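Top to bottom, those sequences are chains A and B.
Using this note's numbering, read the first sequence as starting at 1 and increasing by one per residue.
Using this note's numbering, read the second sequence as starting at 1 and increasing by one per residue.
The set of hints was computed from the structure by calculation and includes no laboratory data.
Being a predicted model, the structure only gives us computed values, none of them experimental.
Just to be clear, a hint being listed does not mean it is correct.
In this list, chains with the same sequence are indistinguishable; a pair is considered to hold if it fits within one copy or across any two.
[Unchecked claim] The list that follows gives simulated cross-link-like pairs (lysine-lysine, BS3-like), each with its CA atoms no further than 25 angstroms apart:
no.: 1; residue 1: Lys388; residue 2: Lys147
no.: 2; residue 1: Lys162; residue 2: Lys394
no.: 3; residue 1: Lys370; residue 2: Lys394
no.: 4; residue 1: Lys167; residue 2: Lys394
Number of protein chains: 2
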Amino acid sequence: MTMKQIHCEIITIGDEILIGQIVDTNSAWMAAELNKIGIRVKQISSVSDDAGHIIAALDLAAHRADIILITGGLGPTKDDLTKKTLAAYFDSLMVFNRQQFAHIERIFTAFGREVTPINRQQAEVPQCCTCLPNEMGTAPGMWFEKKDRVFVSMPGVPYEMKSLMQKEVLPRLKAHFQTPVILHRTFRTQGVGESMLASWIEQWEDALPPHLKLAYLPSVGEVKLRISASGDDLEILEQEISEQSQQLYQLIGKHIYAEGEDSLALTVHRALVSKGLTLSIAESCTGGAIAASITQNAGASAYFIGGMVSYDNRIKADFLDVPDDVLETKGAVSEAAVQYMASGIRKKFETNVSIAVSGVAGPSGGTDEKPVGLVWIAVDGAQGILTKQFRFAKDRERNIEMTRLSALKMLLDYLNSER
Amino acid sequence: MTMKQIHCEIITIGDEILIGQIVDTNSAWMAAELNKIGIRVKQISSVSDDAGHIIAALDLAAHRADIILITGGLGPTKDDLTKKTLAAYFDSLMVFNRQQFAHIERIFTAFGREVTPINRQQAEVPQCCTCLPNEMGTAPGMWFEKKDRVFVSMPGVPYEMKSLMQKEVLPRLKAHFQTPVILHRTFRTQGVGESMLASWIEQWEDALPPHLKLAYLPSVGEVKLRISASGDDLEILEQEISEQSQQLYQLIGKHIYAEGEDSLALTVHRALVSKGLTLSIAESCTGGAIAASITQNAGASAYFIGGMVSYDNRIKADFLDVPDDVLETKGAVSEAAVQYMASGIRKKFETNVSIAVSGVAGPSGGTDEKPVGLVWIAVDGAQGILTKQFRFAKDRERNIEMTRLSALKMLLDYLNSER
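Turn these sequences into a full structure, and let the hints guide you.
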């Protein structure tokens with residue numbers, strides 16, 4: 001089966017991006033979503049709030065792509081520039097859309113506010129477009145068709161754009177252009193570098209059939225692996241991707257902590273909730289970052305009892321019962337110290353499991369024996385204390401993040417090894 | 001004095017951006033820096049690793065702008081596509097550049113690695129360009145001139161690009177195009193909304209001379225105000241901006257916590273270091289986020305003794321001495337509870353000052369009396385305990401961030417009011 005590759009261009013409108021006031025995060029999100037349904041993004045262009053410039057950009061994009069997605073320039077303070085420009089571009093009149101106005105009224109009533117004339121303007125749209133309902137705001141999405149090309153205009157507010165894309169634009173694009181069936185499955189790993197993973201799975205990767213592709217998506221301390229399968233038969237693809245996933249698990253399963261969009265902190269959260277275990281945390285070099293990431297999860301109070309940021313050695317000694325002679329002879333960054341910290345916080349806060357970390361975050365404070373980047377982590381629980389030494393980088397921010405992730409991964413492995 | 005407005009276009013090259021694997025943060029940074037020297041960015045385009053597409057983008061950009069800045073597509077694994085494409089575009093041969101090769105050798109020697117043939121390739125550049133030394137990596141910046149237009153190619157690695165921009169590209173652009181003298185001064189405020197600030201300074205803002213512009217730069221919990229002055233006499237502009245700043249301080253001085261790039265956590269850090277005071281923190285709803293932001297500052301160990309994340313009420317009672325009857329009758333989110341938490345941590349950890357926060361972060365856990373977003377903050381020190389109630393939003397992440405910033409601002413005000 002061969003299918004014409006569908007191309008898309010993204011045009012973002014707004015001076016905020018061109019003066020560097022905001023970073024355009026919308027385009028990357030849109031590009032990733034389009035990729036997942038087999039549509040390739042050919043170009044992303046950011047242009048100014050200027051009718052001539054917008055029309056020139058639309059013209060150029062229509063020569064290169066089948067789909068043109070436009071974001072931004074729709075707020076009431078923008079004087080509806082984009083909307084009027086689109087009406088001119090498509091040779092269409094602006095008309096008052098009753099349904100759209102009813103939607104605006106509903107939103108305002110829900111917030112107990114009155115509809116002003118400026119809001120009434122938001123219900124005016126080019127006559128030739130199909131309005132796409134925006135559940136998150138007052139500016140509608142607008143779908144235009146012209147000579148085999150599809151143009152969609154959306155607001156630039158990220159959550160409004162995302163909601164419109166997911167509920168309206170992506171399903172409509174899939175139906176309009178017979179896009180191939182594309183399946184993705186993403187595996188999240190922690191603690192192993194990209195090149196190491198690549199070497200372990202090289203043979204398997206080389207043997208993948210051509211319609212199955214593997215992508216490496218690295219970030220600090222983590223590497224995501226994504227298998228994408230494209231074809232025309234959903235069931236066959238599902239079967240293939242499932243078989244390949246099994247093989248991948250056999251090769252590197254112990255490094256995969258979750259699939260999809262679940263962060264490590266959320267995976268730990270779920271494990272503790274499902275096992276009904278409580279957690280306490282004693283942090284030194286991470287300064288509260290581990291506890292902060294755990295408590296980002298709504299509902300963390302079900303299992304997280306509390307944490308201690310024992311930055312000064314006095315706190316380690318007085319409140320976590322790390323013996324003075326350990327701190328003096330072995331130092332705060334030592335296996336013995338984190339063992340005492342982990343057992344100390346677990347006993348004091350009376351929890352089922354605990355984490356403790358101590359390290360040299362840098363940039364100063366390193367010695368020949370204990371360089372910047374040296375970190376000790378301990379996990380304590382019913383199965384006893386587990387400790388591990390790590391050597392991270394020279395950068396403070398990176399060391400804190402690597403320590404946080406490594407500690408969460410150690411805890412997760414500890415929980416999963418419980419009988 | 002009238003000066004021709006100089007326009008720039010930014011072209012980023014690389015499939016990583018078009019498949020949504022990375023967000024293009026380079027362009028916003030570059031646009032902000034160009035703006036500061038009076039150069040306006042006309043368009044930002046992201047194009048694929050494809051010679052034809054790159055040349056088309058260069059051609060279009062050269063019709064619209066005086067300066068074309070290109071990033072990305074220069075790594076050794078990219079097969080030097082951008083470099084060869086630029087050579088073709090400028091009708092130039094690729095030549096081996098001795099100086100560039102010596103630079104690559106120096107970098108490799110410093111890392112104890114050997115120069116491979118692929119690295120030798122990185123010393124090949126189009127004959128017609130001026131090489132700009134890249135102190136942070138092996139790919140050079142390349143400066144081209146063609147018919148009044150300047151083209152500069154840089155690597156896409158953010159710290160390499162930034163270093164090249166600051167040390168080479170921006171100074172050269174200033175010299176090449178007689179850009180106006182532009183001065184900026186940025187004032188950072190916390191805890192007041194944009195519209196509130198705008199109403200307080202409306203008269204002053206309206207009276208600003210036309211060559212002085214004010215910009216509002218809002219983010220969660222903070223608003224930055226930036227005065228930009230453009231002209232041709234540096235001394236006069238400095239004088240003007242200083243006079244206007246004085247007036248601004250008279251109007252909203254107590255809300256300005258710092259100028260320039262200094263974050264609130266860094267400002268608190270500096271105040272504690274300069275006053276020689278120690279700090280402890282008791283956190284409930286922020287779950288460690290305040291301590292984590294304080295300890296992001298290198299050298300925080302000079303004053304930060306430690307923190308307690310008293311998530312469970314048991315920890316508030318047993319380790320911070322919040323009386324059981326306060327927790328029972330008034331609850332953990334109450335003025336009395338945060339007062340006890342602040343004085344408890346300060347006494348136990350023996351510090352000069354302390355912060356305590358307790359609130360309903362959400363999304364659940366709210367009641368009619370104590371809705372999601374209700375937060376109490378206390379600061380304790382030699383001048384006694386200060387408490388304040390806040391009502392933030394419905395969103396958990398936002399509530400945590402607003403609480404963190406508000407607590408740091410309360411501490412800063414407390415420190416600054418000390419005699």
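message: Under the constraints set out in the numbered hints, which ones does this structure not fulfil?
response: Structure breaks hint 1 only.
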